[in-house]
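S.K.: Sequence:
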Amino acid sequence: MIVSSLSGLPAFAAYLVAAIGFCALFLLIYTSITPHREFNLIVEHHNASAAVALGMSLIGFALPLTAAIRHSAGMIDFAIWALVSLVVQVAGYGLARLAHPKLSQSIEENSIASAIWLGAVSLTMGIVSASSMTP
Numbered sequence: 001m002i003v004s005s006l007s008g009l010p011a012f013a014a015y016l017v018a019a020i021g022f023c024a025l026f027l028l029i030y031t032s033i034t035p036h037r038e039f040n041l042i043v044e045h046h047n048a049s050a051a052v053a054l055g056m057s058l059i060g061f062a063l064p065l066t067a068a069i070r071h072s073a074g075m076i077d078f079a080i081w082a083l084v085s086l087v088v089q090v091a092g093y094g095l096a097r098l099a100h101p102k103l104s105q106s107i108e109e110n111s112i113a114s115a116i117w118l119g120a121v122s123l124t125m126g127i128v129s130a131s132s133m134t135p
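If you read the sequence shown in our numbering, its first letter stands for residue 1, the second for the next number, and so on.
The set of hints was computed from the structure by calculation and includes no laboratory data. Since the structure is predicted, the reported quantities are computational estimates derived from the model, not experimental observations. Beta carbons: idealized from backbone N, C-alpha and C, even for Gly. Honestly, I wouldn't trust all of these hints.
Label-pair ranges, simulated between beta-carbon atoms [unchecked claim]:
no.: 1; residue 1: Val-128; residue 2: Ala-79; range: 19 to 25 Å
no.: 2; residue 1: Leu-95; residue 2: His-45; range: 24 to 30 Å
no.: 3; residue 1: Met-75; residue 2: Ile-116; range: 34 to 40 Å
no.: 4; residue 1: Leu-28; residue 2: Ala-48; range: 19 to 25 Å
Calculated cross-link-like contacts (lysine to any residue; reagent style SDA-like; alpha-carbon spacing at most 20 Å) [to be verified]:
no.: 5; residue 1: Lys-102; residue 2: Thr-134
no.: 6; residue 1: Lys-102; residue 2: Trp-117
no.: 7; residue 1: Lys-102; residue 2: Ala-48
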């Protein structure tokens with residue numbers, strides 16, 4: 001019984017490692033395109049707005065990853081959908097800035113309202129992306 005339960009362990013490990021890798025890639029790309037320096041704001045300045053916005057953006061990216069894992073035909077299929085999800089999140093950031101042109105400045109100034117706005121857009125993009133992935 002235990003042996004049969006553990007038969008899925010290699011696939012679990014592969015998807016887990018790949019998902020963590022894609023989350024790291026997302027953070028690298030996302031933080032390089034935003035004008036504000038999230039990690040500096042979070043670590044050096046204890047900026048709650050940067051932490052909320054980046055954290056919710058990461059969750060917004062992770063949501064479609066779970067759907068991609070569930071519906072993928074394999075690792076290549078998963079990787080493609082992970083990259084699509086990354087593009088969707090970056091587009092979401094762009095849309096949030098269209099509606100709020102001083103978004104990055106507001107986050108630097110620790111405006112929690114701006115962080116919640118960006119986080120809500122990121123979560124919405126993630127939920128819609130995840131729901132759009134069908135088998």
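S.K.: Checking one constraint from the list: CA of Lys-102 to CA of Trp-117, max 20 Å. Satisfied?
M.R.: holds (12 Å)
S.K.: Given the hint of 19 to 25 Å, check if Val-128 and Ala-79 actually sit that far apart at their C-beta atoms.
M.R.: holds (21 Å)
S.K.: For the pair we were handed, Lys-102 and Ala-48, check the Cα-Cα distance against 20 Å.
M.R.: Holds, at about 17 Å.
S.K.: Lys-102 and Thr-134 were given as a pair; does the straight-line alpha-carbon distance stay at or below 20 Å?
M.R.: Judged against 20 Å, a Cα distance of about 36 Å means the pair is violated.
S.K.: Is the gap between the beta carbons of Leu-28 and Ala-48 within 19 to 25 Å?
M.R.: Because 22 Å falls inside the window, the suggested range holds.
S.K.: Kindly confirm whether 24 to 30 Å is satisfied by the beta carbon distance between Leu-95 and His-45.
M.R.: holds (26 Å)
S.K.: With respect to the beta-carbon atoms only, verify the hint that Met-75 and Ile-116 lie 34 to 40 Å apart.
M.R.: holds (35 Å)
Going through the hint list in order, the structure does not satisfy hint 5, though it satisfies all others.
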